[in-house]
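Given next are the chains, with one letter for each unit.
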Amino acid sequence: MAEKFLSGDEAFAEGIRLACPEVISAYPITPQTIVVERLSEMVEDGSLDAEFIHVESEHSALSCAMGASATGVRAFTATSSQGLLYMAECLYYASGGRFPIVMMNANRSTALPWNIYGDQRDSLSQLDSGWIQAYAENAQEALDFALMSYYIAEHKTVSTPFMVNLDGFILTHTYEQVDVPTPEQAKAFLPPYETENRLDLDNPKNMAFSAGPDTNYIFKYKEHAGMLRSVPVITEAEKKFAEIFGRQYTGLIDTYLTEDADYILITLGTIAGLSREIADQLRSQGIKAGVLRIRYMRPFPTEEIANAVKNAKAIAVLEKDISFGNEGAVFTNVNSALKSQGVTAPTYNFIGGLGGRNISHTNIIDIFEKIRKGTERVNFIGIEVNQS
Amino acid sequence: MIEILWLGRGGQGAFTAAKLLGASYATKEGGHSLAFPSFGPERRGAPVRAFTKLDNSPILDRSETEHADYIVILDETLYNDSLLSLLKEGGKVIINAKHTDNSDIIAFDGDSLAKSLKLPVVNTVMMGALSGVSGIVTVEEMQTAIENYMPVKIREKNQNAVRQAVQEVQK
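Top to bottom, those sequences are chains C and U. Each residue of the first sequence is one higher than the last, beginning at 1299 in the working numbering. Each residue of the second sequence is one higher than the last, beginning at 889 in the working numbering.
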């Protein structure tokens, strides 16, 4: 391993180089651009033996990756924001076709008003597209996801595409120390992609076909089952990863001081770091605060979240998302999980960071303060009006 | 945690300086750093802000610096008195200028030094000045960072620049 000072985008590109995809097809969009720039340089300088295909749109980028995957090779693409929305049609084709493509999405706000900064409304709008969805907190985890995502997606029992999300700018453009594994380590971790789900002249079969009402729902059920089977594979991948790279990840969620916490903040992505710092600060004042970071939004950690927060007095869900006319999608998912597991503590939604707005120390302290006293069901950080 | 706010104009390399300082500190045993630009598209000549955070444990807080230990200003026309309110208690402003009337501000003539070294921008010179004033990184650490993260063609010039800036500012 070598320690380098890299941005999240650069770290992810290093991870992809180590995963050795044979086809990369992508269309540049801020703040994803750097990852595909680096990958194209790697292909150019020969350090990555892949076909880099410049396409004319995101719709084509994913179509192209699907075509590659259908020939039985490992494929990669990356996008962000409007790009993800433009390829939305293809997201469902990729998952329905069980093509285990990995995509990096740089989380960025959605237009209008047009804005290039980070929030999570792009990927959270695609929770139903049949892709595994993971959210990284720092550049190291981003690089590690690049390797682990292929292991999980390509596992024979899973065969499901995998979207790794990096907070735009706050992660994609922030430089920090990253351990870059050696190609030998990566090779020991990630087996070559082998599949029967491919075009094969010796064993011809129909792929990407139609299915009528009598069988269609069976395919959909199998897609659901495949996604759920990723849960034990994630555990398996993380165990093997720890053995080779010495970093142990914690599955679908990552908890901090939740065991005895009265007040728990649930969130995802980079803001979890600051939240943990505030939890420490509050603990020093005698307030038992904890933080739960969701690492995977799909498959959703229903039991894991419920178990971690079951003794809390109040729960906050902080997300960079809003489903207009309702609440944040993460909040909806969390509440459903808690209800199904019989957890009855009050929950409150905090919407923040939209369009890249900074979430400050004070904002996080306010969240804990508000849930201790009770507040509106849905709260917009920094907007002091009654939203209910 | 030591927090540095860099102010410059697009094209002056403020973010490169922020990054190189972070990489310099990262070469220390147990040193951790984050470096990030004030996010957004870069336009030549437009005001640019960049941040470096340095600590001896992993840095969890990625929010924008609200109060800095050092503010380094690459272009003196970007200075205004309200910047002083962004300093922590005892914090310092280092500005690329021939002189200043404010005794709380350290003026360093980065333009002249850069010119004498045939450097088109003052970013590494001002990083050197910051190092000389603060001692947060050594000349060797900065030179290692330049070795690792600057294109071959401009490495030696910039390595020389940080050394000379440290000497100059400590005169």
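For the record, the hints were derived by calculation from the structure and aren't laboratory data. A hint or two may mislead.
Covered by chain C, per the in silico footprint, the following chain U stretches (three or more residues, Cβ under 8 Å) [said to hold, decoys possible]:
(1) 962 to 969
(2) 975 to 989
Dumping the calculated DSS-like pairs for lysine-lysine here, alpha-carbon to alpha-carbon at most 25 Å [what the hints assert, rightly or not]:
(3) U:Lys916 to C:Lys1302
(4) U:Lys1041 to C:Lys1454
(5) U:Lys1041 to U:Lys1003
(6) U:Lys1003 to C:Lys1302
(7) C:Lys1454 to C:Lys1586
Quick caveat, the model's predicted, so the values are computed rather than measured. From the three backbone atoms N, C-alpha and C, an ideal C-beta is built for every residue, glycine too.
*Hint numbers contradicted by this structure*: 1, 2, 4, 6 and 7
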